[in-house]
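Undergrad: Below, each chain spelled out in residue letters.
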Amino acid sequence: MSGTGTHQLSISINGRHENFDVEPRSTLAELLREQAGLTGTKIGCEQGSCGACTILFDGEQVRSCLMFAVQAADSEVWTIEGLASPPPENQTSPTPLAGLPELAEAFKRNHALQCGFCTPGMLIAGTLIGEACGGAINEERVKEGLSGNICRCTGYQGIVQSVVEVFELKTSNPAAEKPQ
Amino acid sequence: MTGSNETFKEVLRFEDDALLNGSRRFIDDLEPRGTLHIAMARSPVAHARLASIDIAKSSSMPGVHTVLTGEDISRHSTPTPIGWEHIADQRRTESLAMATSTVRYVGHIVAAVVAETRAIAEDAVDAIEIDYDLLPAVMDVDAAREPNAPILHSSWPDNVLATDQQTSGDGRSALKSAHTIVDLELDIGRAFGCPLETRGVIADWGLQNQAGSQRSGSVGRLIVDLNSQSPNRVREVLSQVLGVSVSDLLVRVPAIGGGFGAKANYYGEEIITCIASKVCGRPVKYIEDRSESFVATSHARDAKMSVSIGADGDGSIVAFRSDVVGTLGGEVSSVGMGPIWVSTRAGTGSYQIPNADITTTGVMTNRTPFGSFRGWGSPIANFAIERAIDALADRLSIDPIDLRLKNMVRPEQMPFQNGLGWRLDSGDYPEALRRTLKSVTQAGWFDEVTDATSNGRFVGIGLVNFIEATGVGNSRKMGRLPMEQGGFDEAVVRMDSTGTVQVFTGQTGMGQGIETTLAQVCATALGANVNDVRVVFGDTDSCPYTGYGTGGCRTAPVAASSVMLASQDLQGQVLEMAASLLNLDEAELTISNSAVSGPTGEKVTFADIGTAAYRKLNRLPEHHSPTLQARYVWDPVDRTIGYGSIAVMVEVCADTGLVSVLRYHAVDDCGYVINPAIVDGQVMGGFVQVLGSTLMEELRYDEDGNPLTTTFRDYLVPLAGDVPEMTVEHMETLPPDVPSGSKGVGEAGTMAAMSAIAQAVEHALPGGYGWIRSIPLSPELLLHHIDAATP
Amino acid sequence: MTRQDQMGSDELLCEHVPIMNAVIDSVGHPGTRTRGTIGGSLCHADPAAELPALFLALDAQLVVAQAGGTTRTIAIESFFTGHFETALHSDELLTEIQIPITPQRHMGFHEITARSSDFAMAGAIASATLAASGTLDAVRVVTFGLGDRPVRLRDVEIAVANAQGDPTALRSAAQLTKDLVLPRDEIHLSANYRTRLAVAVVQRALEGALAVESGFIR
Numbered sequence: 001m002s003g004t005g006t007h008q009l010s011i012s013i014n015g016r017h018e019n020f021d022v023e024p025r026s027t028l029a030e031l032l033r034e035q036a037g038l039t040g041t042k043i044g045c046e047q048g049s050c051g052a053c054t055i056l057f058d059g060e061q062v063r064s065c066l067m068f069a070v071q072a073a074d075s076e077v078w079t080i081e082g083l084a085s086p087p088p089e090n091q092t093s094p095t096p097l098a099g100l101p102e103l104a105e106a107f108k109r110n111h112a113l114q115c116g117f118c119t120p121g122m123l124i125a126g127t128l129i130g131e132a133c134g135g136a137i138n139e140e141r142v143k144e145g146l147s148g149n150i151c152r153c154t155g156y157q158g159i160v161q162s163v164v165e166v167f168e169l170k171t172s173n174p175a176a177e178k179p180q
Numbered sequence: 001m002t003g004s005n006e007t008f009k010e011v012l013r014f015e016d017d018a019l020l021n022g023s024r025r026f027i028d029d030l031e032p033r034g035t036l037h038i039a040m041a042r043s044p045v046a047h048a049r050l051a052s053i054d055i056a057k058s059s060s061m062p063g064v065h066t067v068l069t070g071e072d073i074s075r076h077s078t079p080t081p082i083g084w085e086h087i088a089d090q091r092r093t094e095s096l097a098m099a100t101s102t103v104r105y106v107g108h109i110v111a112a113v114v115a116e117t118r119a120i121a122e123d124a125v126d127a128i129e130i131d132y133d134l135l136p137a138v139m140d141v142d143a144a145r146e147p148n149a150p151i152l153h154s155s156w157p158d159n160v161l162a163t164d165q166q167t168s169g170d171g172r173s174a175l176k177s178a179h180t181i182v183d184l185e186l187d188i189g190r191a192f193g194c195p196l197e198t199r200g201v202i203a204d205w206g207l208q209n210q211a212g213s214q215r216s217g218s219v220g221r222l223i224v225d226l227n228s229q230s231p232n233r234v235r236e237v238l239s240q241v242l243g244v245s246v247s248d249l250l251v252r253v254p255a256i257g258g259g260f261g262a263k264a265n266y267y268g269e270e271i272i273t274c275i276a277s278k279v280c281g282r283p284v285k286y287i288e289d290r291s292e293s294f295v296a297t298s299h300a301r302d303a304k305m306s307v308s309i310g311a312d313g314d315g316s317i318v319a320f321r322s323d324v325v326g327t328l329g330g331e332v333s334s335v336g337m338g339p340i341w342v343s344t345r346a347g348t349g350s351y352q353i354p355n356a357d358i359t360t361t362g363v364m365t366n367r368t369p370f371g372s373f374r375g376w377g378s379p380i381a382n383f384a385i386e387r388a389i390d391a392l393a394d395r396l397s398i399d400p401i402d403l404r405l406k407n408m409v410r411p412e413q414m415p416f417q418n419g420l421g422w423r424l425d426s427g428d429y430p431e432a433l434r435r436t437l438k439s440v441t442q443a444g445w446f447d448e449v450t451d452a453t454s455n456g457r458f459v460g461i462g463l464v465n466f467i468e469a470t471g472v473g474n475s476r477k478m479g480r481l482p483m484e485q486g487g488f489d490e491a492v493v494r495m496d497s498t499g500t501v502q503v504f505t506g507q508t509g510m511g512q513g514i515e516t517t518l519a520q521v522c523a524t525a526l527g528a529n530v531n532d533v534r535v536v537f538g539d540t541d542s543c544p545y546t547g548y549g550t551g552g553c554r555t556a557p558v559a560a561s562s563v564m565l566a567s568q569d570l571q572g573q574v575l576e577m578a579a580s581l582l583n584l585d586e587a588e589l590t591i592s593n594s595a596v597s598g599p600t601g602e603k604v605t606f607a608d609i610g611t612a613a614y615r616k617l618n619r620l621p622e623h624h625s626p627t628l629q630a631r632y633v634w635d636p637v638d639r640t641i642g643y644g645s646i647a648v649m650v651e652v653c654a655d656t657g658l659v660s661v662l663r664y665h666a667v668d669d670c671g672y673v674i675n676p677a678i679v680d681g682q683v684m685g686g687f688v689q690v691l692g693s694t695l696m697e698e699l700r701y702d703e704d705g706n707p708l709t710t711t712f713r714d715y716l717v718p719l720a721g722d723v724p725e726m727t728v729e730h731m732e733t734l735p736p737d738v739p740s741g742s743k744g745v746g747e748a749g750t751m752a753a754m755s756a757i758a759q760a761v762e763h764a765l766p767g768g769y770g771w772i773r774s775i776p777l778s779p780e781l782l783l784h785h786i787d788a789a790t791p
Numbered sequence: 001m002t003r004q005d006q007m008g009s010d011e012l013l014c015e016h017v018p019i020m021n022a023v024i025d026s027v028g029h030p031g032t033r034t035r036g037t038i039g040g041s042l043c044h045a046d047p048a049a050e051l052p053a054l055f056l057a058l059d060a061q062l063v064v065a066q067a068g069g070t071t072r073t074i075a076i077e078s079f080f081t082g083h084f085e086t087a088l089h090s091d092e093l094l095t096e097i098q099i100p101i102t103p104q105r106h107m108g109f110h111e112i113t114a115r116s117s118d119f120a121m122a123g124a125i126a127s128a129t130l131a132a133s134g135t136l137d138a139v140r141v142v143t144f145g146l147g148d149r150p151v152r153l154r155d156v157e158i159a160v161a162n163a164q165g166d167p168t169a170l171r172s173a174a175q176l177t178k179d180l181v182l183p184r185d186e187i188h189l190s191a192n193y194r195t196r197l198a199v200a201v202v203q204r205a206l207e208g209a210l211a212v213e214s215g216f217i218r
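Listed in order, the protein sequences are those of chains X, F and D.
FYI, this note's numbering numbers position 122 of the first sequence as 122, with every residue one higher than the one before it.
FYI, this note's numbering numbers position 61 of the second sequence as 61, with every residue one higher than the one before it.
FYI, this note's numbering numbers position 134 of the third sequence as 134, with every residue one higher than the one before it.
Keep in mind that the hints were calculated from the coordinates and are not lab data.
Honestly, I wouldn't trust all of these hints.
Derived coverage of chain F by chain X (criterion: at least 3 residues anywhere in the stretch with Cβ under 8 Å from a Cβ of chain X; other residues may be distant) [what the hints assert, rightly or not]:
| no. | stretch |
| --- | --- |
| 1 | 248-258 |
| 2 | 711-725 |
Beta-carbon label-pair distances, calculated as ranges [as the list claims (entries may be wrong)]:
| no. | chain 1 | residue 1 | chain 2 | residue 2 | range |
| --- | --- | --- | --- | --- | --- |
| 3 | F | P136 | D | H44 | 36 to 42 Å |
| 4 | D | R3 | F | D399 | 54 to 60 Å |
| 5 | X | E18 | D | F84 | 33 to 39 Å |
| 6 | D | G40 | F | K57 | 33 to 39 Å |
| 7 | F | D447 | D | G8 | 52 to 58 Å |
| 8 | F | S454 | D | Q6 | 56 to 62 Å |
| 9 | F | P482 | D | D185 | 42 to 48 Å |
| 10 | D | A131 | X | E168 | 46 to 52 Å |
| 11 | D | G40 | F | D17 | 51 to 57 Å |
| 12 | X | A73 | D | F84 | 48 to 54 Å |
| 13 | X | N19 | F | P136 | 54 to 60 Å |
| 14 | D | H44 | X | A73 | 21 to 27 Å |
Built from N, CA and C at the ideal position, the CB exists for glycine as well.
Whenever a hint applies, use it, and build me the whole structure from the sequences.
TA: What follows is the structure in structure tokens.
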């Protein structure tokens with residue numbers, strides 16, 4: 001693969017197969033934002049420190065600013081646009097991170113966003129830590145799970161509270177009745 | 001006529017849906033067709049003459065459209081005016097947006113490349129050959145003021161931007177007769193707003209933006225998309241600097257990813273990008289990258305304060321002196337040394353002190369320019385007075401809380417002239433402190449501390465007061481200061497033909513929820529359903545003029561007042577039309593939920609009224625003219641002072657001296673609380689930012705002027721695991737001359753964080769009170785105190 | 001090579017490296033561990049990184065592929081040569097990390113960060129094996145974040161082996177750290193302070209490794 005010119009890239013984004021011509025030096029974040037027109041993924045540092053560029057890549061959270069677009073060939077990428085909104089009619093595969101829309105609703109209730117710039121990253125990382133904790137979710141684990149996502153506006157309380165709330169409910173014993 | 005009392009306090013934010021699904025557009029999400037990209041070449045040295053710039057190689061690289069140097073900028077622009085130039089004999093630099101002969105800080109822009117892509121532009125920046133003749137870097141304010149110090153701006157006699165002094169009573173001479181005097185030397189580190197979204201601008205300057213001919217030498221309409229908190233001021237500054245008529249200049253603000261004052265200043269990058277567009281004939285986009293932000297976005301806080309407090313034997317404070325020296329940068333930002341100067345007004349805080357003497361001095365050094373950061377200068381003024389009181393409490397062996405209660409301004413003294421030029425207009429300051437103490441006591445904080453201490457842990461509680469100047473400010477007073485800006489707000493409220501309402505405001509949203517709060521204010525005053533109201537901001541063509549922009553905590557007291565009054569006016573028009581449509585007297589009507597009703601069930605909806613007003617005029621008698629719109633300009637009588645008290649619980653780790661904040665409780669009085677969730681979010685978010693500057697964030701330089709903190713690895717902002725459990729409580733004393741009944745609250749959280757954490761740490765460790773003099777806290781210093789406790 | 005977030009789920013690895021999960025949880029963030037690799041961390045050689053220190057404590061051998069098809073093996077003790085520098089040549093690729101299987105490895109790990117989650121200001125990893133006779137063998141004490149590379153504190157290791165679990169002797173052994181690390185003044189912290197942190201992390205790592213359960217502390 002040479003350093004100049006462009007390369008053909010085949011990639012699945014939000015359930016759709018797409019083809020792009022990319023420069024080898026383009027990051028995945030740049031591909032998503034500039035060529036795929038998906039600007040919901042934000043760039044806050046280009047160094048992998050802030051988490052604003054977090055996406056779902058082959059089922060895992062990845063900092064799209066730290067990956068070259070060409071490394072994403074033949075991979076399955078989901079961005080906030082695909083994860084937060086109801087799927088279009090022609091979407092054939094199910095949307096992953098099924099808990100994300102619920103977490104988004106909790107964010108609204110708990111005032112877990114102000115400027116919204118960190119929010120897509122927080123939703124993805126938050127849903128993943130919520131799902132990973134299973135029945136053992138608590139504030140400590142959520143704070144650890146979100147340790148790579150910077151928020152400068154809210155002071156995090158609403159964000160952490162939302163993840164605990166949503167995933168506590170999800171993993172509670174279905175046989176036990178929730179008190180009214 | 002009875003109006004509705006609906007306040008919509010529980011409404012969830014209207015901003016949220018588009019932010020949660022990633023569809024809301026920020027500046028880097030916009031890109032007109034044909035946009036070129038600009039990258040800045042920045043000085044790698046702190047102080048030097050620009051010996052030569054060779055752009056030949058750079059200009060000839062494929063994809064490069066133009067390379068601009070200081071010479072180009074000087075042909076296309078004039079020096080940038082300073083917004084806060086109000087101190088007598090404040091000096092000027094006459095600097096342009098780009099360095100021409102001298103660089104004065106690492107990061108100072110020396111050239112700019114416009115290219116097809118940002119990547120090509122950055123490669124071409126590296127290809128510019130620049131020779132610097134190094135000059136000695138001036139990094140220390142004391143050294144900067146020595147007689148033989150290198151002078152940063154050659155037309156100045158020294159490195160002082162300005163000095164100001166404010167005295168009350170007998171000033172500092174009153175200290176001599178005090179029974180007890182305590183002196184402290186205080187030091188606050190450098191920090192900055194650091195919003196997660198960096199700054200950015202798209203400038204599009206061409207004939208294509210305006211139908212018709214060129215006029216008065218302009219080259220067409222200049223459209224600027226910019227994530228600025230002050231679109232009107234930017235428009236005026238660009239007009240002045242670029243020689244374009246304001247009417248030929250449109251500024252549009254997209255969603256902003258946090259401002260915190262960092263985006264309230266105006267910057268050279270905007271000017272340079274506009275010139276680039278003019279030269280290239282294409283839209284040009286600049287996005288500041290993260291590593292640039294640490295050297296290019298205004299720095300803040302950084303000050304040394306020499307302070308004395310004098311009191312009677314019983315603890316009545318008789319005098320307070322503070323000499324504040326601010327560490328400015330190599331160039332002057334749009335707020336001059338305003339944040340340092342504020343100590344001359346805010347210095348005595350929540351207390352009645354008959355004799356005060358505050359001096360402030362701004363000293364230039366070879367650092368990034370100094371500007372706004374949430375709280376402005378009040379957090380450092382707060383640190384000075386609250387630390388002084390703690391040190392005094394220690395000296396007199398009086399409990400720090402009792403000493404405060406003894407000296408706070410009392411409610412019956414309101415409005416209270418603090419002697420330094422501020423009128424403390426309303427509130428019960430001691431009650432806020434009492435409530436804070438009561439709430440944390442009831443929540444078991446003191447028991448927790450006792451428990452922890454018995455287990456060998458170092459845990460403590462700090463309780464301090466704050467004031468917050470909001471609703472900047474009366475326009476005539478500002479003009480006389482002198483300033484080149486007013487403080488009024490203009491609002492336009494318009495009902496359309498379907499009965500929905502648009503509120504046009506000059507404020508900008510940056511996360512603080514104005515699209516919700518101002519909709520609530522309008523809906524309440526008008527009698528509309530809040531879901532029928534849309535707030536429009538950020539477009540200087542359609543939105544009104546705000547004297548000062550979104551800063552100085554103006555939305556709730558000033559903008560909301562203008563929106564409320566305009567909405568009331570509109571309500572009058574609506575009721576008049578409704579009376580005609582229903583054939584009833586206005587006195588018989590009630591208005592609520594976007595409809596007007598009569599006493600026996602008759603009703604017209606806003607939709608009905610809108611139709612009549614715009615499309616079916618035949619339904620209305622002759623005296624009604626078409627359309628429904630109201631405009632109101634509210635000029636504040638004066639600033640209105642928010643206030644409160646906060647308590648924090650901290651733990652100091654015995655191994656490391658590192659501090660964790662465990663709990664936070666605030667009692668804040670911002671008058672009428674428009675939206676409790678939003679207001680609490682402002683208080684907590686502000687607190688966490690200054691928790692950062694108190695414990696972990698600091699912008700550092702080495703002695704040669706090289707910045708040492710240029711990534712998130714070195715500039716440590718609080719993470720989720722660093723924040724305490726936070727609760728907020730409100731008092732709602734309505735300010736007497738603010739129509740909306742609200743004071744501002746955006747900066748409340750920042751005010752007392754440093755002083756509260758310092759006192760709490762002192763409570764946790766041996767050594768009494770008042771010995772913490774330096775921010776950020778030094779773990780080493782705390783370990784020494786722990787060593788003293790451990791046998 | 002193996003992604004960092006895969007390491008914690010390998011049974012064999014966790015069996016022989018009891019602190020594996022604790023160490024991995026400190027490496028970067030969940031968002032970087034999905035892509036970062038073990039080998040990548042070793043070759044990046046960040047002085048504040050945990051994995052280089054861990055593999056130094058494990059006596060790893062590094063297998064390196066060379067251009068032209070040959071391979072060579074580098075003992076980890078010679079691998080880290082300075083601040084972000086390794087013995088790897090520019091045409092070489094780290095392909096394998098080998099660690100000797102030692103029965104009954106007891107390990108401790110402690111690091112100090114400025115915030116709740118950060119690059120380490122100071123960190124230590126301690127390891128020892130329990131011989132059939134009940135004595136301590138193969139003691140390893142490694143510090144990281146304090147100099148330009150992770151360092152084995154051999155004098156501390158000898159002192160720990162001689163201490164045979166006596167708590168007072170162990171504390172003295174940890175105190176030897178003071179004279180063995182040479183931290184520079186950093187942006188936020190003085191060398192003096194970091195030395196103090198060094199002693200603390202070594203002490204805590206030793207406590208972690210030689211916990212009461214293992215029968216060493218009497």
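Undergrad: State for each hint whether it applies.
TA: So, going through the hints one by one against the coordinates:
Counting residues of the stretch 248-258 of chain F whose beta carbon lies closer than 8 Å to any beta carbon of chain X gives 4, which reaches the threshold of three, so the coverage claim holds. Figure legend: the stretch 711-725 of chain F, annotated as covered by chain X; annotation consistent (10 residues with Cβ-Cβ distances under 8 Å, at least 3 required). Separation of P136(F) from H44(D) is about 37 Å and conforms to the stated range, judged on CB atoms against 36 to 42 Å. Under the hint 54 to 60 Å, the C-beta atoms of R3(D) and D399(F), about 57 Å apart, fit the expected range.
The hint said 33 to 39 Å for the Cβ distance between E18(X) and F84(D), and at roughly 37 Å that hint holds. Distance hint check for G40(D) and K57(F): the Cβ-Cβ separation is about 35 Å, which falls inside the suggested range of 33 to 39 Å. The hint said 52 to 58 Å for the Cβ distance between D447(F) and G8(D), and at roughly 39 Å that hint is violated. In this structure, S454(F) and Q6(D) break the distance hint of 56 to 62 Å, their C-beta atoms being roughly 45 Å apart.
Restraint check, P482(F) to D185(D): a C-beta distance of roughly 47 Å satisfies the suggested window 42 to 48 Å. Between A131(D) and E168(X) the CB atoms are about 47 Å apart, so this pair conforms to the stated range of 46 to 52 Å. Against the hinted window of 51 to 57 Å, the Cβ-Cβ separation of G40(D) and D17(F) comes to about 40 Å, which falls outside the hint. Distance hint check: the CB atoms of A73(X) and F84(D) are about 30 Å apart, inconsistent with the given range 48 to 54 Å.
Between N19(X) and P136(F), the C-beta spacing of about 57 Å keeps the proposed range 54 to 60 Å intact. For H44(D) and A73(X), the Cβ-Cβ distance of about 24 Å falls inside the hinted range of 21 to 27 Å, so the restraint holds.
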